[in-house]
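**Q** Kindly generate the complete structure, drawing on both the sequences and the hints.
Protein chains: 2
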Amino acid sequence: MLEQVNLKQKLAKEDYQAVMPALKARLAALDAPLRAANLPVILIFEGWSAAGKGQMIGQLIKNLDPRWFTVVNTQPPTELEQRYPYLCRHWHTIPEAGKFSIMDRSWYQEVSVRAIADKLPAHTVETRLADIRRFEKTLTDNGYLILKFFLHISKREMKARLETLAENPETAFRVVKSDRKQVKHYDDYYAAFDRMLAETTTAETPWTLVSGTDRRAATVQVFRTVIDAISERLNRPTPPQTITLPNEDTADAALCLSDIDLSQTLTREEYKKCLKAETARLAKNQNLLYTRRIPMIVGFEGWDAAGKGGCIKRLSSPLDARGYAALPIASPTPEEKKRHFLWRFYERLPKSGHIAIFDRTWYGRVLVERIEGFCSEADWRRAYGEINVFEAYLQQSGALLVKFWIHISKEEQLKRFRARERTPEKQWKITAEDWRNREKWPRYETAVNDMFRYTSTENAPWHVLAGNDKYFARIQALRIVNETIEARLKEKG
Amino acid sequence: MLEQVNLKQKLAKEDYQAVMPALKARLAALDAPLRAANLPVILIFEGWSAAGKGQMIGQLIKNLDPRWFTVVNTQPPTELEQRYPYLCRHWHTIPEAGKFSIMDRSWYQEVSVRAIADKLPAHTVETRLADIRRFEKTLTDNGYLILKFFLHISKREMKARLETLAENPETAFRVVKSDRKQVKHYDDYYAAFDRMLAETTTAETPWTLVSGTDRRAATVQVFRTVIDAISERLNRPTPPQTITLPNEDTADAALCLSDIDLSQTLTREEYKKCLKAETARLAKNQNLLYTRRIPMIVGFEGWDAAGKGGCIKRLSSPLDARGYAALPIASPTPEEKKRHFLWRFYERLPKSGHIAIFDRTWYGRVLVERIEGFCSEADWRRAYGEINVFEAYLQQSGALLVKFWIHISKEEQLKRFRARERTPEKQWKITAEDWRNREKWPRYETAVNDMFRYTSTENAPWHVLAGNDKYFARIQALRIVNETIEARLKEKG
Chain R
7 MLEQVNLKQK LAKEDYQAVM PALKARLAAL DAPLRAANLP VILIFEGWSA
57 AGKGQMIGQL IKNLDPRWFT VVNTQPPTEL EQRYPYLCRH WHTIPEAGKF
107 SIMDRSWYQE VSVRAIADKL PAHTVETRLA DIRRFEKTLT DNGYLILKFF
157 LHISKREMKA RLETLAENPE TAFRVVKSDR KQVKHYDDYY AAFDRMLAET
207 TTAETPWTLV SGTDRRAATV QVFRTVIDAI SERLNRPTPP QTITLPNEDT
257 ADAALCLSDI DLSQTLTREE YKKCLKAETA RLAKNQNLLY TRRIPMIVGF
307 EGWDAAGKGG CIKRLSSPLD ARGYAALPIA SPTPEEKKRH FLWRFYERLP
357 KSGHIAIFDR TWYGRVLVER IEGFCSEADW RRAYGEINVF EAYLQQSGAL
407 LVKFWIHISK EEQLKRFRAR ERTPEKQWKI TAEDWRNREK WPRYETAVND
457 MFRYTSTENA PWHVLAGNDK YFARIQALRI VNETIEARLK EKG
Chain U
7 MLEQVNLKQK LAKEDYQAVM PALKARLAAL DAPLRAANLP VILIFEGWSA
57 AGKGQMIGQL IKNLDPRWFT VVNTQPPTEL EQRYPYLCRH WHTIPEAGKF
107 SIMDRSWYQE VSVRAIADKL PAHTVETRLA DIRRFEKTLT DNGYLILKFF
157 LHISKREMKA RLETLAENPE TAFRVVKSDR KQVKHYDDYY AAFDRMLAET
207 TTAETPWTLV SGTDRRAATV QVFRTVIDAI SERLNRPTPP QTITLPNEDT
257 ADAALCLSDI DLSQTLTREE YKKCLKAETA RLAKNQNLLY TRRIPMIVGF
307 EGWDAAGKGG CIKRLSSPLD ARGYAALPIA SPTPEEKKRH FLWRFYERLP
357 KSGHIAIFDR TWYGRVLVER IEGFCSEADW RRAYGEINVF EAYLQQSGAL
407 LVKFWIHISK EEQLKRFRAR ERTPEKQWKI TAEDWRNREK WPRYETAVND
457 MFRYTSTENA PWHVLAGNDK YFARIQALRI VNETIEARLK EKG
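Line by line, the protein sequences give chains R and U.
Letter by letter, the first sequence follows residues 7 to 499 of this note's numbering.
Letter by letter, the second sequence follows residues 7 to 499 of this note's numbering.
Be a bit skeptical, because a hint or two may be false.
[Stated by the list, open to error] Stretch-level coverage of chain R by chain U, calculated; a stretch enters the list once three of its residues show a Cβ under 8 Å from a Cβ in chain U:
| id | region |
| --- | --- |
| 1 | 67 to 78 |
| 2 | 82 to 96 |
| 3 | 125 to 134 |
| 4 | 175 to 187 |
| 5 | 232 to 245 |
| 6 | 310 to 324 |
| 7 | 338 to 352 |
[To be verified] Restraint-style ranges between C-beta atoms, simulated for each label pair:
| id | chain 1 | residue 1 | chain 2 | residue 2 | range |
| --- | --- | --- | --- | --- | --- |
| 8 | R | Gln270 | U | Gln23 | 28 to 34 Å |
| 9 | U | Ser323 | R | Met7 | 43 to 49 Å |
| 10 | U | Phe380 | R | Ala128 | 57 to 63 Å |
| 11 | R | Arg485 | U | Glu342 | 53 to 59 Å |
| 12 | R | Glu445 | U | Pro82 | 49 to 55 Å |
| 13 | U | Glu497 | R | Ser382 | 58 to 64 Å |
| 14 | U | Pro82 | R | Ala136 | 32 to 38 Å |
| 15 | R | Arg298 | U | Ile377 | 53 to 59 Å |
| 16 | R | Arg298 | U | Pro245 | 51 to 57 Å |
| 17 | R | Thr244 | U | Phe380 | 57 to 63 Å |
| 18 | R | Gln433 | U | Ala197 | 22 to 28 Å |
| 19 | U | Ser382 | R | Thr244 | 44 to 50 Å |
| 20 | U | His129 | R | Met7 | 56 to 62 Å |
| 21 | R | Lys19 | U | Pro127 | 56 to 62 Å |
Treat the hints as calculated values from the structure; they're not laboratory data.
A virtual CB, placed ideally from N, CA and C, is assigned to each residue, including glycine.
**A** Okay, structure coming up:
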């Protein structure tokens, strides 16, 4: 793709001065409608060292209100960042609705500069390119506008610029080892950049290739592209999306709440014995996860009063407090509401060797948000596929994932609600909302069965715990977690 | 202090089993009233390696609802963390009102284990001990409950425990180099711990020294202390605080808004010439700050429509976008409101070599929060001293700090408000709130003069910009920033 760039393109000073004031005014004037439309915008600047990324960003932001943008300066990942799936730190940077994130380098470093530095095998780069396409697609599907610029210069031009910088004592510090490496191995980088550009050009998120040789021409091109793209988006009604529901072919075999045998029980003696054995087993397994640096995610969903808290308590009791976190998921904060619904979960992922236990999960999108109308029908229907992609990405990154639905009968729930009302120290656990949710039982039942059908995949199946007997459910949960860990430990060396 | 600990203390198993169920129940029962009282609690666990900190925390949290606590596992600072004032990463961990932060090691590492690892000179440790006393005082003054535990064991006991851990292949990974170092240099660590304990024992935040030899005895002691302290705090009305206002002695010489000469102006030609010179100077200065790794904080306060935005725009126009951030400060988010008022500013400090430009600042506490009654009178009166401590800490950490008040006359404000109403693209800048604030002009005038009086210190003076002429104010701001940078660059090699 880079061969298409006309590196000789120039713009005379007079022409530049003739057009820029109007472009600056148009850009500044977009601020208010952009906020009114609550449009989140991501501007990505990639390109060669010394191609002028920083200067271009400096030009742009002079015309933007500092309250509405953030400049993200992407550095090589820190040691801590390397303990999370690599897209985690990039998810972190996505803007709130109505704001700009301006990326001075981005996730594209992971398939270009980082791929070369870390000597990644070709198939890993391929996987990452697919990850990035999916990442950007879920953003644009959720209303983000992504504009991607690549600033291209020739090897000779880069070399000359780096020399000029190095000769000036005030700017010499800007030339670092990795810049010199780009000059030396220009062809390798060229190939990597070219592949990256070709494989991540989609209809929704095309690259704009910019010749960095002439700064005036480059500036005018970037300003025009940004202004046109935002204006077009503000004027165009979003077209209806075609949503494909996953797993349609296996629908017949899908899990169904009515199939669950709720009569299963354990006696108190059996429970105590099993609890002792399973917790000891889990303590040992946690140590092994830690030494092998495997992260684990356990998600609990279930009816109100199904016993999620009790399960989590037994699960966490043998765990070293330094290596796990129990994460209660309430309704999203305003900051979270203004971003993609998965953002807050990316913010809470466990680092390598750690365990995260979610008390309610990202499935809120297809349960409470669906039923209460907190998102549109298109949103929750699309979410099944988005969640499958999210979970597959976590697993591909090496994480273990277990998801539980704790099932109880409607009668059992009533009994527990009444018991809570009678017990003074448990009264806070029962609210008017619980009673309201109970009235929506049939609608939740449909939503839960849909969730099983569309998101129970081979690698990330739903485990339904028969929860009418708390003992039985707790031991089941512990066993499944232990078995999942042991299967993985056996699998690889 | 450590010599007071009876390392031979023991508790028989029967006695332990007799008291623990009641203690666990009492602890669990505190959850609800603690939340109702919106009390934020910090539990600090410090002590020798293998003294049982992790196990103790594990015991405690089993009896707490995971929605209301976070375990903070303090590690040595990362490279990135080292680019911020050292207390920054610890401020980050303070809990929201109604929640627990449980610290497995804490800021006390900075004056003990880190001080030894980094070979800090004695006077630096002394400064840090004072920083920590002030840090904890501002937390307790703002309603935080801090409980500090030190788990003590003998050299022989530590050695034996580490050997046991190391011999078991499942736990061997827990023994790291720094643990062995503690055994080897036990006396040095003992001296550092002892000094730290002695110098940070205050009436509000005493240390509880715990013998770690016998786990049962230790557990009972910790549970009792936590339960008693929280119960006492929930029952005791907070005593009225004595607040000393700073700078009372220099009150006569204090800055006063009415003294400002608002007639100062620049012609358009003078302005253009000065702007060119000062921005070029600033671009150069930014490079030098960057290479010298000096962080800089510039804060803007001023009347509505005083021209803060315009000043910030001119100040940032020559800056490399990768090295500065313009930070608009709006009303705090719910997450921010639930913490100490300085928390959100610690979250936004610049790293070394970077510049942070605040559009409104921490002075909101003594301006809008005072006038609108968003905090109590005791809160805003105490804030003057707290802010001085905050700013002195930033400067002691190496940061440059410049604070501006942009002053305009009441008539000038009226003119600007009317002009905004007439200009379509500026209408969003003027709201009913601006008009309401305008009615409170005399009250703000008093608050501003008080702010000057109590927080204009020798090292962090207020600069008042005569803003009736925008050109004049902008050039003044640029000059003062440039002069501040150059004074520092001259100062140290």
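**Q** Next, verify each hint and record whether it holds.
**A** Against the structure, the hints:
For the region 67 to 78 of chain R, the assignment as covered by chain U holds, since 7 residues bring a beta-carbon within under 8 Å of that chain's beta-carbons and 3 suffice. Look at the region 82 to 96 of chain R against chain U: 3 of its residues bring a Cβ nearer than 8 Å to a Cβ of that chain, three or more, so the hint holds. Using a Cβ-Cβ cut-off of 8 Å, 0 residues of the region 125 to 134 of chain R lie near chain U, which falls short of the minimum of three, so the contact claim is violated. A count of 3 residues in the region 175 to 187 of chain R with a Cβ less than 8 Å from any Cβ of chain U is obtained; the coverage claim is therefore met, three being the minimum.
Counting residues of the region 232 to 245 of chain R whose C-beta lies closer than 8 Å to any C-beta of chain U gives 0; at least three are required, and the coverage claim is violated. By the rule of at least three residues with a Cβ nearer than 8 Å to a Cβ of chain U, the coverage given for the region 310 to 324 of chain R holds, with 5 such residues. Residue count for the region 338 to 352 of chain R with a Cβ under 8 Å from a Cβ of chain U: 3. That meets the three needed, and the coverage hint holds. A C-beta distance of roughly 32 Å is found between glutamine 270 of chain R and glutamine 23 of chain U, which places it inside the suggested range of 28 to 34 Å.
A beta carbon spacing of about 34 Å between serine 323 of chain U and methionine 7 of chain R contradicts the range 43 to 49 Å that was offered as a hint. About 58 Å separates the C-beta atoms of phenylalanine 380 of chain U and alanine 128 of chain R, a value consistent with the hinted range of 57 to 63 Å. Range check, arginine 485 of chain R to glutamate 342 of chain U: Cβ separation about 43 Å, and the 53 to 59 Å hint is violated. In this structure the supplied range 49 to 55 Å holds for glutamate 445 of chain R paired with proline 82 of chain U, their Cβ-Cβ distance being about 53 Å.
Distance hint for glutamate 497 of chain U and serine 382 of chain R: a CB-CB separation of about 60 Å, consistent with the stated range 58 to 64 Å. In this structure the supplied range 32 to 38 Å holds for proline 82 of chain U paired with alanine 136 of chain R, their Cβ-Cβ distance being about 37 Å. The supplied range of 53 to 59 Å is met by arginine 298 of chain R and isoleucine 377 of chain U, whose beta-carbon atoms lie about 58 Å from each other. At roughly 53 Å, the beta carbons of arginine 298 of chain R and proline 245 of chain U sit within the given window of 51 to 57 Å.
The supplied range of 57 to 63 Å is broken by threonine 244 of chain R and phenylalanine 380 of chain U, whose beta-carbon atoms lie about 39 Å from each other. The hinted range of 22 to 28 Å is not satisfied by glutamine 433 of chain R and alanine 197 of chain U, whose Cβ atoms lie roughly 52 Å apart. At roughly 48 Å, the beta-carbon separation of serine 382 of chain U and threonine 244 of chain R lies within the given 44 to 50 Å, and the hint holds. Restraint check, histidine 129 of chain U to methionine 7 of chain R: a C-beta distance of roughly 60 Å satisfies the suggested window 56 to 62 Å.
For lysine 19 of chain R and proline 127 of chain U, the hinted distance range of 56 to 62 Å is satisfied, since their beta carbons lie about 57 Å from each other.
Violated hints, listed in ascending order, are 3, 5, 9, 11, 17 and 18; each of the other numbered hints is respected by the structure.
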